[in-house]
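Chains as they are written, first to last, in our numbering: chain A, 1 to 147; chain B, 1001 to 1107.
Since the hints were made in silico from the structure, they are not lab data. The beta carbon of each residue, even a glycine, is placed where N, CA and C say it ideally should be. Hints may contain errors.
Said to hold, decoys possible - Cβ-Cβ distance ranges computed for the label pairs, FRET-style:
no., chain 1, residue 1, chain 2, residue 2, range
1, A, Asp60, B, Asp1007, 34 to 44 Å
2, B, Ala1093, A, Ser81, 16 to 26 Å
3, B, Ala1097, A, Ser115, 20 to 30 Å
4, B, Arg1094, A, Pro103, 43 to 53 Å
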Amino acid sequence: MTSPAQSAPGELKTVVIEREIAHPPEKLWRALTQPHLMAEWLMRNDFQPTVGHRFNLRGDWGGVLDCEVLSLEPPHSLSYSWNHRHENPAYDLTSVVTFTLTPTATGTHLRVQQSGFRPDQKQAFGGAHAGWKGFLDKLETVLSQEG
Amino acid sequence: MSPAPDDLFRALADPTRRALFERLCQDGEQTVGALTARAGVSQPAVSKHLAALKAAGLVDDRREGRETHYSARPRALAPLVDWTGRMAGFWEARFDALEDLLNRMDQ
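Model the full structure from these sequences, guided by the hints.
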């Protein structure tokens, strides 16, 4: 586990989630790139499969993500920016999401990688006990985003 | 053993539990009695909340004579404070929904 107390502010962080999907890459690609299908598993959106296209992902909690298609290689990989502006700068997130699809004997190996910065993350925990209180005060926001 | 982030969210979603946890973070180890005196709810209620916090890994308890002393384990919050931990949970849930969609697309 990453230790927040030792994380340098401005450090690039990455999360990788992988899953074996029992469906072929072409079908998975449709679910990843057709707006009405994306809305069913991800969020409402105005995505278009064109590099440079800017779009929004709109969460049920009211949050809006600013995105831009960075690369597109059907049906192998898809990458877009995933930026979330928050009234509290400590909660701003600037990141890039990359989906990679690898055919397998039984379907597709799906990998999503999200890499990004949250520059003043240090402020969110502060290292001391006082820092935790600031975090707890904002927990409702986090909880609503989890929903 | 590390409790799932879901347990942490549930434990901290309740304002009374959150207040108890914050008090332990700020003031250090305390007895159930001392916590009850400032909690505004009954001692059994406080004990129940403390048990939930303990199950989520957020507090430790220590028996001394007839008293149980509780202390905060703020490090248990690490998976929530770190956005990568939150996003991992987010993507796992979204992948569940994606698989569900793909299964429906078959029909």
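Hints and how they fare:
| no. | hint | result |
| --- | --- | --- |
| 1 | A:Asp60 - B:Asp1007: 34 to 44 Å | 23 Å, violated |
| 2 | B:Ala1093 - A:Ser81: 16 to 26 Å | 21 Å, holds |
| 3 | B:Ala1097 - A:Ser115: 20 to 30 Å | 23 Å, holds |
| 4 | B:Arg1094 - A:Pro103: 43 to 53 Å | 21 Å, violated |
Checked against the numbered hints listed earlier, the structure breaks hints 1, 4; every other hint is satisfied.
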